[in-house]
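Engineer: Chain by chain, the residues run as shown.
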Amino acid sequence: MPSTRTRRSSVPALAGSALVCALIAAPVHAQSKAPLTVEELARRLQAIEQRLGTAPAAGEATDANGLADLDQRLRVIERKLDLQAEEAEARVASTPVVSLSAAKGLSVKSPPPGDVELKFRGLAQADGRFYIDDDAFPQNDTFLWRRAQLTIEGSWGPLLAFRLTPELAGDSVTLLDAWADLRFNPAATLRIGKTKAPVGLERLQASNATEAIELGFPSELAPGRDIGVQLQGEVAKGTVSYVAGVYNGTVDGRDAATTNPDNNFEFAGRVFVEPWKNAANALSGLGFGIAGSQGDKEGTGNNFLPRYRTPGQVQFFNYRSAVIADGEQTRWSPQAYYYRNAFGALAEYISSEQQVRLPTTGANAKIENTAWQLLAGYVLTGEDAGYRGVARPNHPFTVGSAGWGAWELVARYGELEIDEDAFPVFADPNAVAQRAKSWGVGVNWYLTGNFKLVANYTQTDFDGGAAAGADREDEKAFFTRAQFSF
Amino acid sequence: MKTLIRNAALGLAMVLATGLAHAKDVQLLNVSYDPTREFYADVNQTFAAQWKQQTGEALTIRASHGGSGKQARAVIDGLEADVVTLALAADIDAIATNGKLLPADWQKRLPHNSAPYTSTIVFLVRKGNPKQIRDWGDLVKPGIGIITPNPKTSGGARWNYLAAWAWASQEYRDGDKVVDYLTRLFKNVPVLDTGARGATTTFVERGIGDVLLAWENEALLTLGDADTREKFEIVVPSLSIKAEPPVAWVDKNVDRHGTRKVAEAYLRFLYTPEGQRLAAKHGYRPAEPDKVPAAELQRFPNVKQVTIDSAFGGWKKAQAEHFADGGFFDKIYRPR
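So the sequences go chain by chain: L and Y. Quick note on numbering that gives the first Met the number 0: the first sequence kicks off at 0 and runs consecutively. Quick note on numbering that gives the first Met the number 0: the second sequence kicks off at 0 and runs consecutively.
Accuracy of the hints is not assured; some may be wrong.
[Claimed, not checked] Using C-beta positions, here's what the derived DEER-type ranges look like:
1. Y:Lys99 <-> L:Glu116: 36 to 42 Å
2. Y:Asp324 <-> L:Leu167: 43 to 49 Å
3. L:Gly399 <-> Y:Glu79: 54 to 60 Å
4. L:Ala46 <-> Y:Asp173: 39 to 45 Å
These are computed hints drawn from the structure, not numbers from a lab. What you are looking at is a predicted structure, and each value in this text was computed from that prediction instead of being measured. Glycine included, each C-beta is placed from N, C-alpha and C at the ideal position.
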C-alpha cells in the first residue's frame, strides 16, 4: 500500500456529504407525493450529475444493481469534486497575485515562493508658497508641483531588488532613485546606482514622511542623491545599521550630476544605533549615530561649490564666482531621533569643510560651514509618530461622519553658520549672509493614510547679507502642501 | 586612486566571502513522476550517506513528484531540477527541445538508453476478480469501470494507452477497429486523474471502478500492505508494453548550481548493484538483473511485451500521433 496518497480535501468531502443528504432527505413536498425509491434517488442523482457535468453518456449502461450503482456514481462525483478542488488549488499556486490597496498601492507577486514582486508607488505634492513683507528681497508667490513621482520597485528572486523613481515635477524628467540591490543577507546588501548618500538624517527620510514641508539647514550641507556603490546592512538583531560607499561626489545640498565632473570620488558612511529597538520601554524609539563623507573636489561652479537656502527655499549664500573648490571636502554629522507614542523629535548637527582657492589672488583656505536643527512634533489625535511618518489615522476623515483624520503639530529651530574666513575674500558680505537662524511651526492634517494637508510658517533672520554690512531682511514664508501618496 | 581601488577590492572580497559562506551544504532537486516517491526516498537516503562517506559533503536531496508531463512542463517553466527521473523519454525530450536545458542526445549518456529500470502495465482488480477481467478485451464490456489517469498529464497513462493500443492492433489488425476499441475503453473511464498515484487513490481508497490500469511497480507496492492484499489482486494481461522510465541530469541547471558532479554520480548510482537492488525492492524491473539476487526477481512474472520503438516507432512519433493536440487521443476521448 503506498504510504503517500493524494490529500483529500475537506471541501469536496463536505460537498459529497451534502449530496448524500440532499438525496436521502427528500423534499417534504416530494415525500408527500411519492415514496422514496432507488429509481427516485437515481433520477435525482442523474440531475445532479448533469448539473456537475459528470453524467454518463446517453445510452451508457449502468449496473443493474441499484444501490451499488448509486454508490459508485456518488463516489465518482465525490472524486471529481476532489480533483476539481486540487486543480483549483494548483491554479492558485501557479497564478501571480495582484493586489491593490490604499495602504500598499499596487503590487504583483509571483506564485509561491513569491520571490518576484513588482510594486508601484506614487507621490504627488502640490505646494503653495507665499512670502510676507518681502520688500527688500521680493520673492514670487507661487503654486507649484513640488514632487510628482511614480516609483517602480520590487524584488527579482531572493538576491536582487531594485527601485526606479523618475521625477516628473520639474521642467524636464529627472531620475531620482535608480538602484539595484544584491541582498546577500540582512547584514550585507550591495547597492549599485543612484541613491541618497548616507549622511543627513532628515535628508535620508522619505519625501512623503518629513514633518515639515521643506528640509532644515543641515540638509543644505549634506549631500543629496549620489551615484556609486554602497554596502549596507543591519547587525545585532537590527539594532545597528550601517552604510559605507564610494560615489561620484556631490555638492552640499544637491543631487549629483549625471557623471563625475572632476575625476575624484567621495567616500561616505554612516552608523546608526537603536540599542533598545527590540525592547518595549521608553527608550525603544531612541536612535543615534554618526555619518560622514570625505573626498576631493576640484572645479568651479554649481557642481563644486554650494549655494545655501533657507527652509523658505530662498538662496542666502554663495561663493564669489571666481572661487574654485581646490581639494579635500570633509563632512561629519552626529544625529539622533526619538519617537515615543505620539511624540517625535529629530536633532542633527553637520559640519562641511571645503578647501577653496581664489585663482586671481592665489588666496586659499579651508572653509568650515556648520548647521544644526531640532525638530519636534506631536500627534494630537494619538497616532504613533515615527521616522517613517505618522501611522495611518485611527479615524480617517469621512464626509458626514465623526472621523477627522490625524492632526500633528510641528516646531523647528535651526541655524546655519558660514565660516568667518569665507569673508570677504571668498564670499561678498554685502550680498550673502554669514549666519541664518530659522524657526518654524506647522500643522499636518492626515485626512487618510494616503492624503495630507500641511501648512508651515517659517521665519528666518540673518547676520549680514545686505549692503554696507547690514543684516538682510527677515524672511517670512508661509507654505502649504497637499500630498497624495500610495 | 590606488587607495580607492584597493579599498573597493577589499570590500568586494568581503561581500563575496559573505555570500559564499552559505555554500557548504550540497543540495539536489530530483523532479520525478508520480509513483516513485517511496523508491527515491530510499535511494536518496542511501546515496546521501554514501556521498558523505566518499566526499565528506552533506548532501540534501529534495524530490518533487507529480504527473510526468506536468513535471516536465514545470522544469521547462523554471523549476530548477538538477536531475529529472520521469516516466517516459518524450517528457525529457520536451525539456531538451522546448527548454533547451540539456542536449538532444541526452539518452545516450547513460546505459540502457538512460533507463536504469523498467516496468510494465498490469491490471489491479478487486479480490476474486468479480467482473472476470482477464485481458484487454474484457475492459470494454458494458458496466466495467476502468481507472486510468489522463494521458495528457501522466506518463503512466500514456503507457496504459499504448499498451491497450498494442493489444488492439494485434487483436483487430484494423486501424478503425483499434480506434473504436480505445474509444469504448475510455467510455468506461469515469474519472481521469492527473497522475498514477491519484488514480491508485481513486481505485483503492475511494473504491471507484473495477480495474486499475497500473504500473507494475505501483500495483506491487499497493499489494505490499497486508490489509490491501486482502482486497485486491494483480491480473497480468496477455500483452503489455515495456515501460522505460529514463533519467537525466539537467545540464544548464547543474552548471548554474555547481552540482554536475554529484548529479551525475546520483544517477550512475542507480546502475550499481545497490541501486538495482533498491529498484527491484520497490517493484521496478532492474535494467541489469544480473546485479540483483535471483530471489528478489521472482515476483516479476514473465509478460509478453512490445517496446515503444518496435510497436510505435519511438516516442517522438508516438507522442505526435497519439498525444499531441489533435492526435488520436483527442479523437478518442471527449470530456464529459
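Engineer: Each hint needs a verdict: does it hold in this structure or not?
Structural biologist: Hints versus structure:
Look at lysine 99 of chain Y against glutamate 116 of chain L: about 27 Å separates their beta carbons, and that is not inside 36 to 42 Å. Against the hinted window of 43 to 49 Å, the Cβ-Cβ separation of aspartate 324 of chain Y and leucine 167 of chain L comes to about 48 Å, which satisfies the hint. Checked against the hint of 54 to 60 Å, the C-beta distance between glycine 399 of chain L and glutamate 79 of chain Y comes to roughly 56 Å, which is consistent with it. In this structure, alanine 46 of chain L and aspartate 173 of chain Y meet the distance hint of 39 to 45 Å, their C-beta atoms being roughly 40 Å apart.
Going through the hint list in order, the structure does not satisfy hint 1, though it satisfies all others.
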